[in-house]
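For the sequence shown, full-length UniProt numbering begins at 1 and goes up steadily by one.
Source of the hints: derived by calculation from the structure; they are not laboratory data. Heads up, a few of these hints could be off.
Unchecked claim - Calculated cross-link-like contacts (lysine to aspartate or glutamate; reagent style EDC-like; alpha-carbon spacing at most 16 Å): (1) Lys76 / Glu198; (2) Lys333 / Glu361; (3) Lys294 / Glu256; (4) Lys298 / Asp374; (5) Lys349 / Asp374; (6) Lys294 / Asp260; (7) Lys349 / Asp300; (8) Lys35 / Glu55; (9) Lys32 / Glu43; (10) Lys109 / Glu131; (11) Lys330 / Glu288; (12) Lys305 / Glu376; (13) Lys298 / Asp323; (14) Lys299 / Asp323; (15) Lys109 / Glu214; (16) Lys330 / Glu256; (17) Lys191 / Glu43; (18) Lys76 / Glu199; (19) Lys282 / Glu50; (20) Lys76 / Asp195; (21) Lys321 / Glu339; (22) Lys191 / Glu150.
Claimed, not checked - Label pairs and their calculated CB-CB ranges: (23) Gly45 / Ser206: 21 to 31 Å; (24) Ser206 / Asp54: 26 to 36 Å; (25) Asn154 / Lys349: 37 to 47 Å; (26) Asp54 / Asn275: 18 to 28 Å; (27) Arg56 / Asn216: 35 to 45 Å.
On a predicted model such as this, the values are computed, not experimentally measured, just so you know. Quick reminder that beta carbons are idealized off the backbone N, C-alpha and C, glycines included.
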Amino acid sequence: MKTYSKIIIFFIICNLFSTSVYGEDNIENYVKYAKSVILIDKETGRVLYEKNPDERRPCASLSKMMTFLIALEAIKKNDVSENDIVKISKNAAKTRGSTYRLRANENVKLIDLMKGLMIVSGNDAAVAIAEYIGGDLKSFVDMMNNKAKEIGMNKTLFINPHGLPVYGINGDMKNPKENISCARDLSILAKYLLDNYEEDVLAITSIKTYTNPERNFTRNNTNSLLRVMPQVDGIKTGFTGRAGYCLAFTMNVMGEDNNDFRVIGVLLGASSSKNRTYESKKILQYGENNFVRKRVIKKDDFIGKVYLHGIDKLEISLKAKNDVYIVKGKQEKIKRKIELYDLSCPIKKGDNVGKINYIGENGSVIANVDLVSDSEIKFVPLNILFKIFIKQILNQ
1 MKTYSKIIIF FIICNLFSTS VYGEDNIENY VKYAKSVILI DKETGRVLYE
51 KNPDERRPCA SLSKMMTFLI ALEAIKKNDV SENDIVKISK NAAKTRGSTY
101 RLRANENVKL IDLMKGLMIV SGNDAAVAIA EYIGGDLKSF VDMMNNKAKE
151 IGMNKTLFIN PHGLPVYGIN GDMKNPKENI SCARDLSILA KYLLDNYEED
201 VLAITSIKTY TNPERNFTRN NTNSLLRVMP QVDGIKTGFT GRAGYCLAFT
251 MNVMGEDNND FRVIGVLLGA SSSKNRTYES KKILQYGENN FVRKRVIKKD
301 DFIGKVYLHG IDKLEISLKA KNDVYIVKGK QEKIKRKIEL YDLSCPIKKG
351 DNVGKINYIG ENGSVIANVD LVSDSEIKFV PLNILFKIFI KQILNQ
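All chains, full assembly: derive it from the sequences and hints.
Next comes the structure, spelled out in structure tokens:
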């Protein structure tokens with residue numbers, strides 16, 4: 001028999017304090033040069049700062065994060081090996097812009113191409129990877145767009161694996177076509193990379209100076225933020241005339257009691273390389289100075305009690321299923337709201353009976369935890385069923 005709960009809950013509401021989303025440190029004072037910016041907590045995806053995050057813009061070499069992802073997942077699926085030898089085509093070798101100095105008919109390991117892609121932003125490496133993984137550029141770009149759709153990059157369209165502008169499409173030599181995205185979409189991509197392949201990604205993107213003795217090649221990472229802030233360990237630079245100076249960046253923020261958290265930022269359309277580095281640094285410092293990671297509930301914490309139909313003998317004790325950590329502003333008040341499900345007998349220990357939503361100052365849910373029963377109700381006795389029946393009649 002299904003019995004719906006009339007809820008009476010007893011628990012102490014704790015005031016949870018954390019920095020307000022925009023904090024006392026007014027970031028608007030120094031984000032002047034970038035067209036679009038977003039800063040998120042890597043674990044939860046919570047937005048810590050944003051400026052025009054959904055504005056669609058050319059994304060230049062930040063496109064290479066997707067090229068890298070497609071190659072990395074092909075390796076993880078054993079479709080290819082990182083040690084595969086890739087013969088460089090004439091098409092790849094002649095690619096303009098920033099290069100890994102590839103030569104036609106040269107043989108290069110796939111993993112070295114991936115390093116050349118992410119560390120020195122080699123457009124030639126992007127083409128070589130695309131031809132090897134996809135068979136041809138069009139097929140690889142289709143893979144890029146399919147992956148973008150799969151992970152929720154809804155404002156993104158790729159036309160090539162490197163982000164260079166393409167002139168002459170439909171005879172138009174003045175208005176090039178470019179890969180298009182937005183700061184939010186690119187943060188989704190960066191988060192996906194780190195959620196699934198953090199060690200693989202950061203092992204490459206954290207390299208400050210890349211040397212490949214076999215190719216007699218040495219060059220600094222294009223990401224100068226690595227040399228400005230030691231905590232930074234990724235991810236990717238970008239530039240074209242229309243895109244401006246772009247950067248996807250990340251670092252681990254040291255917290256109290258080992259409550260560290262990782263932030264991911266994306267900056268698009270800065271007016272110079274210097275301004276790109278300066279504003280990215282300021283955005284990271286804003287996140288570091290204004291936010292903390294706190295545990296707001298502990299696994300098995302007692303939350304309260306539910307009495308089905310207000311009847312004492314139908315008591316269910318509630319406890320938290322898991323620990324919950326949130327990244328929040330140091331002065332921000334976090335609310336929590338309990339949501340209970342319709343309950344029916346039998347109820348066993350460990351059954352999900354509801355959840356707690358943690359709500360930030362802007363009204364968005366920033367975390368939640370399942371509530372589970374710490375009690376057991378195998379059946380409802382006949383005398384109690386009769387009381388419920390009478391109550392229902394009287395309440396009609």
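Legend entry - Violated constraints from the hint list, given by number and in increasing order: Violated hint (a single one): 9; every other hint is consistent with the structure.
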